[in-house]
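Read off the chains here:
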Amino acid sequence: MTRVVLDPVTRVGGQLRVEAEISDGTVTDAWVSGTSYRGLERILEGRDARDAWLMAQRICGSCGWAHALASVGAVEQALGVTPPTNARLIRNLLAGTQLVVDEVSGFYLRQALDWIDLRAALTADPDATSTLARAVSPWPNSGSTYFATIQGRLAAMIGSSQPGPFAIPPVTHPGYHLSPETSLMVAAHYFEALDWRREVLHLETVLGGRSPHLQTLVVGGLAIAPDWGGPARPVPGEHIWDVVRTFVSPLGAAGLAAIGTAIDSARAFVEQVFVPDVMTTMKAYRDWGGKGRGIGHYLAFGALSADGSEASLALPRGRVMDRDLTHLIQVAESGIGETTAHAWYAPGSAGNDLQHPSDGGTEPLYTGPKLPYASLADADRYSWIKAPRYEDDPMEVGPLARMLVASAAGVTAAREAVGRALTTLNVGQDELFGTFGRMTMRAVEAGLVAKRLTGWLSDLRDSIAAGDLAMADLSAWDPASWPRDAEGFALGESARGAVGHWVRIHDGRIAGYQIVDASTWNASPRDQMGRRGALEAALVGTSVVDPGRPLELLRTVHSFDPCPSCGAH
Amino acid sequence: MAPSGADASATLAASLKANRDRYLAVIEGSVPTAANGAMCTVAGRPVADVIREVTAGAAGTIAVGSCAFDGGLSAASGGATGASGVAPFVSGTLVALPGCPINAFNLAATLVHYLTFNELPPTDAGGRPLFAYGALVHNECERRAHFEFGEFVQAWGDEGAQKGWCLYKMGCKGPETYANCASAGFDGGLSWPVKAGVGCIGCTMPAFWDAMSPFTRRLPSPLPFLPNVTADDIGQAAVIGIAGVAGLHAVGSYVRANRQGAAARRAKAAAKLVPSGAAIEGAAVAVAVAAEPMPAAEPMPAAEPAAADEAPTTILVDAVPGADLDADAGAGESD
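Sequences listed follow chains A and B, in order. Here our numbering is used: the first residue of the first sequence is 60, the next is one more, and so on. Here our numbering is used: the first residue of the second sequence is 73, the next is one more, and so on.
Excised from the complex, chain A in its bound form (with noise of 0.2 Å):
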């Protein structure tokens, strides 16, 4: 038996620890920890209200948005009040933006060097790739010159003293079976990404005020107001500041027309680069279809609503237990539990029983081992993020779960898309419940989202021309106006999976908070019954060839995009 230790596993976002105990080469046990606290919760207790998504979004530089919508979302709902149509509108519009640029981001800069070989992509023929590339997709930077000029860069990445995110060990592991040409058209398009996702965030630059951290957010809907439609503007000149008294709207045409650019960008590059490159590379790796398949449930919290209810979510909401699609089974709130069994906190008023996050707490206690440690599997708490519960069970969030969902929930789009998807890998559906559908349904999903955003901003543009200036429900703005006590709780989804956000109000101040994100579902460590979190039963049976280089470990850790620095908050 052999112990191996993942620390820190990088490309995730915070500090993650794996430890694995590996029999004849298949991994027995695993444990999964979190090992930042920052305490998130706590903080927002006894400030106003109206602030606590903007601290709330600070739980991730990635997920933030998400964040920050279920966090005014559940102060909407305890105040009773409905965002009007364009707010909506435009929390759609930056949602399924990012949550596309997350999904793409997950893909090249966290995964992707999990499955493409870059000492192979040195090797590659450049007039291959081109010819490769022009195969897979019309996308125009496909030319051998601009490949060639690719791997000239990987080069001299590769053999400086500072390589970057591409330091790759001096042997190659056995584990890699991609063809240079696809690991070298792959690598271009993770540089590629990077600044694509730059273009594709002025949306969030314009409608926010900034990226990441949009500030425009208001409780009852936005901040932000369409161009002033009366009297023209006073014409500058008496005095030195009239020559920036001009001002442009968000909403104003310009700023309209960033918008629509930015969508263009985003559906473009899914379209003809993100979901090519993933069905290319996991192609190559039918083999691990049905690998690191983990505990089976799966759970959407929804999001993307059409007129703000749960029957318009366009990524709808439930659960699917035991890979069973042909039930969709309903999601309640009050199904959700948490327990700090094996996680550093001190007991709840529940003991280590699960508590509902809406009288749950969070105090922290660290009982691990003294620092510096070898190992945290042989204590008994072993990570700072929770262990939530749907009902007793463990679930898995993400996109492979949203898919699966919407495809039990008879949703016709993604049911296609699914369904091409398996053709065009050559796979059944029973090889997408693990690591293999993990990877191929982000990009699924991220071609469903690209599509709607057109949608969105054509019924805003519609819905402003027709003169519905309204962007916010202000009739609970005052704190004066509120109840003295009042709860509520908001269920989103981030591009990582499942996200809530659970406040009490009392006075006008938050009294108590609690966030379950979607790293802490997945990333979960055991709970009370012993019973192991999403990604530790998914490493579980896991052949590793090279205990002191577990790829195979990585591979699926990554699958599921962990942050357990939200996971943990």
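Since the hints were made in silico from the structure, they are not lab data. Among the hints, a few may not be true.
[To be verified] Taking beta-carbon pairs under 8 Å as the criterion, some of the chain A residues facing chain B (in silico):
#1 R109
#2 L113
#3 F225
#4 L260
#5 T275
#6 P423
#7 P431
[As the list claims (entries may be wrong)] A few chain B residues that don't get close to chain A, going by computed Cβ distances all over 10 Å:
#8 T105
#9 R124
#10 V126
#11 S156
#12 P160
#13 G164
#14 L187
#15 F224
#16 G229
Note that the structure is predicted; figures quoted are calculated from it, not measured. Yeah, the Cβ is synthetic: ideal placement off N, Cα and C, and Gly gets one too.
Since chain A is already given, all that's left is putting chain B on it; use the hints.
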């Protein structure tokens, strides 16, 4: 990086050794000190140890973001991690770029300054580069005229909001915040919060989560802003104090001649808030970055470090044409 676990640690160690004294360390995030460092560990060690190790061989360290500056949100009231900025764990030169998030423009400008002059840019006592944190947001704000004319947004979405009036009464912390958001913008100068329609939250200032909140309310403040004094009074007094009457005339005539709002504000801010000639190098950084897409032969007089005894007036006038460049267009390159 591609490797994880022990491979990652080895890669880092090899890079630190190979590049000793020839690299800049860029650090983000706060350092939790509670529980003997167990609230943020890497490979079983407290993150403070990693920071000490990485910065020991660095030519300089740049602390990026409010958490690395002073602990940020984790250090706000109610926090349980004993969070600190990185300064106590850094040996050698440290420059801090607070902001939540930081402006990528300022990080790029700091790096370009280093590459140009072989030293990090001059800073204030808090380690913040003067070129980025030397001027009040309020003084550079594009909505400032409305403040002077008493035109305020009174409620989200009202007529004032649609006309782009001043957000002071909606809690804007621009009058208390030193940062270049208004002039540099975010994302290549595309926008910044006030432009989008919401007040500044003061995120570059120390302990801003406590000191500046609640963010949508106006509270009486002990900070430098004086409501009964006009901007021109403050500006003129400061300019007279630092640059003298001649400097004021130079700036004024330049502004009258050019009518460029951004240039005027930048010049004025530089004159007003920067006490030494060294700070003018900061303006030069912006020039260097902005000028990146231009031909290399383009002379950049402002990039010359100002001699200590040179008259501030001259430096100012040199700096202004640089600021006059379309800085926004260049900033995107740095992202």
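Verification of the supplied hints:
no., hint, verdict
1, R109, "holds, 6 Å"
2, L113, "holds, 6 Å"
3, F225, "holds, 6 Å"
4, L260, "holds, 7 Å"
5, T275, "holds, 5 Å"
6, P423, "holds, 5 Å"
7, P431, "holds, 5 Å"
8, T105, "holds, 12 Å"
9, R124, "holds, 13 Å"
10, V126, "holds, 13 Å"
11, S156, "holds, 13 Å"
12, P160, "holds, 18 Å"
13, G164, "holds, 19 Å"
14, L187, "holds, 14 Å"
15, F224, "holds, 14 Å"
16, G229, "violated, 5 Å"
When held up to the earlier numbered hints, the structure conflicts with hint 16 and nothing else.
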